[in-house]
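If you're matching them up, the sequences are chains A and B in order.
With the working numbering, the residue at position 343 of the first sequence is 343, and numbering never jumps.
With the working numbering, the residue at position 317 of the second sequence is 317, and numbering never jumps.
Quick caveat, the hints were computed from the structure, so don't treat them as lab data.
Among the hints, erroneous ones may be present.
[Unchecked claim] Quick list of in silico lysine-lysine cross-link-like pairs, DSBU-like style, CA-CA up to 35 angstroms:
no., chain 1, residue 1, chain 2, residue 2
1, B, 151, A, 311
2, A, 332, B, 241
3, A, 332, B, 151
4, A, 293, A, 180
5, A, 332, B, 357
6, B, 344, B, 357
7, B, 151, A, 328
8, B, 83, B, 344
9, A, 328, B, 357
10, B, 123, A, 311
11, B, 193, A, 329
12, B, 123, B, 151
13, A, 329, B, 327
14, B, 217, B, 196
[To be verified] Chain B residues, not near chain A, derived (Cβ > 12 angstroms throughout):
no., residue
15, 41
16, 165
17, 272
Even glycine gets a Cβ: it sits at the ideal position worked out from N, Cα and C.
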Amino acid sequence: MSRFAAPKTSPVSKRDPRVGGGGGPDGELHNSMRGMSLRAPMPTNTGNAEVCPVCKSSRYLNSSLRFLVNPECYHKMCESCVDRIFSHGPAQCPIPGCRRTLRKHRFREQTFEDIQVEREVDIRKKVQAVFNKREEEFESLRDYNDYLNDVEDITFNLVNQIDVEETNRRFEAYQKVNEKEIEENAQLAQQEKLSFTAMQKAERHQARERREAARREEDDERREVEENKRDALNRLASGADPETVAKEGQQVQLKKRMDRQAATERQRQLQAASDGRNGSSNFIVKGLKSRQKVEPEAPIDPFGGLRISSKYFTLQDDYIWEGIQDTKKDVKHVAGGYDVRDYTQRSLCAAFSGLGVFIADEISERDRAAQNSAAIGTIRADIGLKDSLMADAV
Amino acid sequence: MTQTLTEDDLYRASTQFRLWSFSPESLAVLRQKTHELARERGRQYGSENNDADGMADHLSKEEELQLVQRYCEQIRTTSDHFKWPVQVKATAVQYLRRFYLSNSVRTYPPKEVYKTVLFLACKTEATHMALPEYARRISTAPEVILAPEYKIMQALRFTLDVRQPYRGLKGVLMEMLNMAQGMVGQVEGVETKGAKQLQQDMLLLEQPGHHDRTPWKAPSSGKMEVKHITDRINAAYSAAKALLDGPALLTDVYFLYTSSQILLAALHLADEPLTSFYLNTKLPLTSDLRPRILGTIAACADILQTFSTDQILTKEGRDGLEARLEKCRDPATRDLVKAHAAAKRGSESDEEEKIRKRKAAREKHEREGDDFFGPSIGGKKG
C-alpha cells in the first residue's frame, strides 16, 4: 500500500507511483509515453484525479471508479463513498473542514476539469435562468448592453464571493418582480430548442436524400453505358458498318449525356429554388424570432365604440304606471328574464328622439347643399347616419 | 373611438328623417312635380284616346289631396273595424301618404290601393292576418289585394319603418306619473329644485285653459292632492292620444315634424300648463335650443288645432271625384291584377323562352368551338 501513498491535493504533477522509481534517464520519456497509453486515463496536472479523498481508493484497484461532485461545496468523492455515506439521508460532507449538509441526489459527474470552472458555470446557469431577457425586448442596443452589464456584475459578485448577501437579495428581488416574464421567456426558449432540433433533423434528411439521388444517377449512367456497348455489339454482329456504328454509338452516347445533364440541371435548379425558400426561411427562424407580446384580447364590443346617451331623460328604475307594474309581476314575462326597463327605456327614448331636430331647417340646408355640388363635401356628417349603425331605437 | 349618440342622433339615422321629412316648401314642390308629371302623361293618353273632355277635366292638386285624405280616413275606420292596434292605423295612413307623394291618383286610384296598404301595414306592425281571411273580411279578391303591393313598396322606396309617437307618449305618461309621486330622474343641465319640490309645484299648477282638450276638471274642494294630479295626467294622456289618432294622421305633420315634437304638441293641446311644466324639467333654461323647440311644438300644435273633421270629404264628394277620375285616369294601369300576374310570370311564354334558351346555348357552344380549334373548315365543326 505504500506504493499508493500519493498526496491528495497536490497541484504539481507527479510521476506515476505505479512505475515506482524506475526509469532513470528515460524517466520523462517514459512518462510521456505512459501518458499516451490507452489503458488508463492520464493523470492531470492537478494530480488528484485518481484517488478518492475520502476513502483513498484509487482507480488502480477499482477500474470503474467514478468521481461525483456535489454543487454545494464542490468536493468530489467516489461513487461508493457517496452511496455509503448519503444513502441514509442527508449527512455532513466528509471532507474535514467542510460542514455542509449534502444530499445524495445532488451529486453528479464533473463536466469540467477545473472545479472552479464547474462552479462558475453552475452559478452562471442559475443566473441565466432568472435573468433571461432577450435583445428584442429592449428599446435600444445600449439598454440591452446595460442590462447585460448588470447581469454580469451580479454573476461576478457571486462567483468571486463579493457582497454575496446583497447580491443575493437583488437577485431574489428581481426574480420576484419578473416571475411572469421569466416564465414566458423560458417557455419560448424551450419551444425554440424543439423547433431547432426538428429543423436539424429535416436538414439531415434532405442531405441523405440528395446523396441517394446522386447514387441513383451514377447507377443509371453506368447502365446506359453498358446498354450502348451491347447495342453497338449487336449492330456489329448483324453486319453493319463498324465505323458508322461507332460514330452513331458516340452520338447516341453524347446525346444521352447531354439530356441527362440538362435533366439534372433542371432538377438542381428546382431543388435550389425550393431549398432557397426553405433555406431562407430556415435562416430566418434560426436567426431572429420576432416576438410580439401577446396582448390580452379586449372584450368584444358589440356596438363598435358607439354609445347612446340620453340627453333629455334619466331612466329611473321603477315607474308607477300600472301598465308596467302588472307586467313586472306577471310570471309569463319575468320568468324568461325580461326586464321592464327595456320597455321604459325605449319609450322614453322615443318620446324625445327628434325633439331637437328642426326638420325645416335641416332639410332646406341639405337640399341647398345637394344643389350646390361643390359643397357636397361639407354636408353635415350626422345627416344621413347610416341606418345600419343602429338598431331601431324606437 | 367612442362616439356618443343622443336621441336626436338616433332620429337622424332613421329613414323617416332621411327620406320622408320635408320642409313645407319642399313638400309642396314635390307634390307639384308629381301632379305635373301625371298631367303630362294625361295629355299623352288623352290625345291617344281622342277624348274630347279628357283634357279639360283634370283633378286639381287640392282635390287630389282631399281624395287621399278621405282614403286615409277610410283606412282608419277599416283598421278600427278589424280592431287592430293604433300603430297599424298610423303606419297604413303614412304609407298611403308617402305613396301619393311620388304617384298620382290618376295612375293609381286610392280605391284600389288602400286595402293593400292596410294589409302591408298589418304585416309590418306584427299583427299579420292571413290573406284569405283578410280578403274575406274586407270582401275583396286576394289577387286584387296583392296586385299593387310591389308598386307600393317601390313608391315607399322599401323603407317600411314609420316612427310613431304613441310609445313616446306612454313614456311621457310614465315620467309624469312618477313626478307626481315625487320620484324624478334628473336631467343634465336642468335646474330643478328636487323631486319633492317638483311634486309640490305640480300640485300648485294652474288649471287647464279653455282651449285645452283635456276632459279633466279641478276638484270642487279646491285642494289638490296627488291622486287629482294623477287623474289629470291620465286625462291629458287620453286627450293627447285621441289627437294623435285623428288630426295627426289626417294632416301632413308626419312629414313636417318629428314624432317627438308631434306628441308633445298633442300634449300641449291637451293640457297646456302641465306640458309646459314638464318641458321645463327637460330643457335647460339657458340653452338656445329651448325657444326653437318650444316654437316648433307650438307650430305643430297649431296645425293640429286648425284641423277639423269637416275638412274631410264626404261620401258624396268622394264619389263625385271618383267619377271624374274614372274619365281621366291612366289606361295603362287600369288592370293591376293582370299587370301583377304578368310581372310574376315573366314577359314571354314558356315555349318561347325554351326556344330562346336553346338557341343561345347552341350559339355559345359554336363560339367556344371556334375559339379553341379555329374557324370550322367547309362548314363542318372542327
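For each hint, the structure was consulted:
no., hint, result
1, B:151 with A:311, "40 angstroms, violated"
2, A:332 with B:241, "28 angstroms, holds"
3, A:332 with B:151, "41 angstroms, violated"
4, A:293 with A:180, "13 angstroms, holds"
5, A:332 with B:357, "58 angstroms, violated"
6, B:344 with B:357, "19 angstroms, holds"
7, B:151 with A:328, "44 angstroms, violated"
8, B:83 with B:344, "33 angstroms, holds"
9, A:328 with B:357, "63 angstroms, violated"
10, B:123 with A:311, "33 angstroms, holds"
11, B:193 with A:329, "33 angstroms, holds"
12, B:123 with B:151, "16 angstroms, holds"
13, A:329 with B:327, "61 angstroms, violated"
14, B:217 with B:196, "24 angstroms, holds"
15, 41, "26 angstroms, holds"
16, 165, "8 angstroms, violated"
17, 272, "18 angstroms, holds"
Comparing the model with each numbered hint stated earlier shows that hints 1, 3, 5, 7, 9, 13 and 16 do not hold.
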